[in-house]
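The chain contents come next:
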Amino acid sequence: AQTVTQSQPEMSVQEAETVTLSCTYDTSESDYYLFWYKQPPSRQMILVIRQEAYKQQNATENRFSVNFQKAAKSFSLKISDSQLGDAAMYFCAYRRLTGNTGKLIFGQGTTLQVKP
Amino acid sequence: DVKVTQSSRYLVKRTGEKVFLECVQDMDHENMFWYRQDPGLGLRLIYFSYDVKMKEKGDIPEGYSVSREKKERFSLILESASTNQTSMYLCASRSNRGRQPQHFGDGTRLSIL
Numbered sequence: 003a004q005t006v007t008q009s010q011p012e013m014s015v016q017e018a019e020t021v022t023l024s025c026t027y028d029t030s031e032s033d034y035y036l037f038w039y040k041q042p043p044s045r046q047m048i049l050v051i052r053q054e055a056y057k058q059q060n061a062t063e064n065r066f067s068v069n070f071q072k073a074a075k076s077f078s079l080k081i082s083d084s085q086l087g088d089a090a091m092y093f094c095a096y097r098r099l100t101g102n103t104g105k106l107i108f109g110q111g112t113t114l115q116v117k118p
Numbered sequence: 132d133v134k135v136t137q138s139s140r141y142l143v144k145r146t147g148e149k150v151f152l153e154c155v156q157d158m159d160h161e162n163m164f165w166y167r168q169d170p171g172l173g174l175r176l177i178y179f180s181y182d183v184k185m186k187e188k189g190d191i192p193e194g195y196s197v198s199r200e201k202k203e204r205f206s207l208i209l210e211s212a213s214t215n216q217t218s219m220y221l222c223a224s225r226s227n228r229g230r231q232p233q234h235f236g237d238g239t240r241l242s243i244l
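Sequence order for the protein chains is P and D.
Its first residue numbered 3, the first sequence is counted upward by one per residue in my numbering.
Its first residue numbered 132, the second sequence is counted upward by one per residue in my numbering.
Hints may contain errors.
[Unchecked claim] Which residues of chain P face chain D? A partial, calculated answer using Cβ under 8 Å:
#1 F37
#2 Q46
#3 M47
#4 I51
#5 K75
#6 F93
#7 G104
#8 K105
#9 L106
#10 F108
#11 G109
#12 Q110
#13 G111
[Said to hold, decoys possible] Simulated crosslink set (BS3-like; lysine-lysine; CA at most 25 Å straight-line):
#14 P:K105 / P:K75
#15 P:K105 / D:K184
#16 P:K105 / D:K144
#17 D:K202 / D:K149
#18 P:K117 / P:K80
#19 D:K134 / P:K105
#20 P:K105 / D:K186
#21 D:K202 / D:K134
#22 P:K75 / D:K201
#23 D:K201 / P:K105
In short, the hints are calculated from the structure, not lab data.
Just so it is clear, CB atoms sit at the ideal spot from N, CA and C, and this is done for glycine as well.
Bound conformation, chain D alone:
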């Protein structure tokens, strides 16, 4: 089974802090994604990566950056956390081969105080 692991289930940070959310997948997937999930808005794509060191902006990239130095790891960075970034963050990965679905991590519930 595919395993997508997010480093924290719950995280509390302060306004202005630099925040790192880590995601690791164990299936050698080429594509990785970061979403945020908010009530009434569903999941919205922040950034995705289709290869090591390759990234593209999603629908809501403002205030975020990403890093993919190794194929299995995709990090989401909040450069200067703000209260409106309090949310659930979901990481997903997917293989390019065949009709593969996205596989999701458990999510990180991030609170910015």
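Only chain P is shown next, with the shape it has when bound in the complex:
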């Protein structure tokens, strides 16, 4: 069975600085998707960034980028130029490539605090 681990329950960053959130996963499959979701306080969970395992290039979405290390089964999220609105809980998630139901396996979450 696949598992996802986020070992940092809480992180903090100064506004305008860069922060990296860690995620490791375990799977015996060679093709899969990885995601980072953001859940702001009392607000809806939204997708931040997605990575297909068969792509070697790291995904980037504006100030958000990932460091995908397939051999190490590591998938970290880097937030550059942090903003107050980035404060949220961040979840790393895994999805199998096969099957079309889109079931996600989530990590425990990391709460990010952004200090002004």
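The hints should help you fit chain D onto chain P, whose structure is shown.
Just chain D now, with coordinates in the frame of chain P:
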């Protein structure tokens, strides 16, 4: 934009009650999901449905059942609520077409007294 609506943001019920949590999506998505979110445990899948009247157990189905009579609506049922079911419940939906992500509702914070 996809809209996933959960009927209640906050709900308080008593032990032994039958509890219904409702979720409606407006994008004709085939797949719908119910998760519970607990501190330190992340989101855990309770049940999911890949079509009307079709359902599969997730990782923690015990104590729960679901109903999907119409494509847009997916209900989570606590047959006899217990205090260990106090949690945040999140509904999500997803299209089978292309590389679509899951879209989440706002969540229902359920307290069982």
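(message) Can you verify the interface hint for G104 of chain P: is its Cβ closer than 8 Å to any Cβ in chain D?
(response) G104 of chain P check passes; min Cβ-Cβ to chain D is 4 Å, inside 8 Å.
(request) Could you check if K105 of chain P really has its C-beta closer than 8 Å to a C-beta on chain D? (result) holds, 6 Å
(request) Would you settle whether the hint for I51 of chain P is holds or violated, based on the nearest Cβ-Cβ distance to chain D being less than 8 Å? (result) violated, 10 Å
(request) Could you grab the alpha-carbon distance between K201 of chain D and K105 of chain P and see if it respects the 25 Å cut-off? (result) Between K201 of chain D and K105 of chain P the Cα gap is close to 20 Å, so the pair holds against 25 Å.
(message) Tell me if the straight-line CA distance from K105 of chain P to K144 of chain D falls inside 25 Å.
(response) violated, 29 Å
(message) With the threshold set at 25 Å, check whether the alpha-carbon distance from K75 of chain P to K201 of chain D stays at or below it.
(response) violated, 39 Å
(message) Given a cut of 8 Å on the nearest C-beta pair, is the interface hint for F108 of chain P held or broken against chain D?
(response) holds, 4 Å
(message) Can you confirm whether the C-alpha distance between K105 of chain P and K184 of chain D stays at or below 25 Å?
(response) holds, 18 Å
(request) For the pair we were handed, K134 of chain D and K105 of chain P, check the Cα-Cα distance against 25 Å. (result) Holds, because 19 Å separates the two Cα atoms, which is no more than 25 Å.
(request) Grab the minimum C-beta distance from K75 of chain P to chain D and call the hint holds if it beats 8 Å, violated otherwise. (result) The hint is violated - K75 of chain P has no Cβ within 8 Å of chain D, the shortest such distance being about 17 Å.
(request) Classify the hint on Q110 of chain P as holds or violated, based on whether any CB of chain D lies nearer than 8 Å to its CB. (result) Check passed: Cβ of Q110 of chain P comes within 4 Å of chain D, closer than 8 Å.
(request) Given the hint that K202 of chain D pairs with K134 of chain D, test it: the Cα-Cα distance must not exceed 25 Å. (result) Answer holds: K202 of chain D to K134 of chain D is near 14 Å, not above 25 Å.
Checked against the numbered hints above, the structure breaks hints 4, 5, 16, 22 and satisfies the rest.
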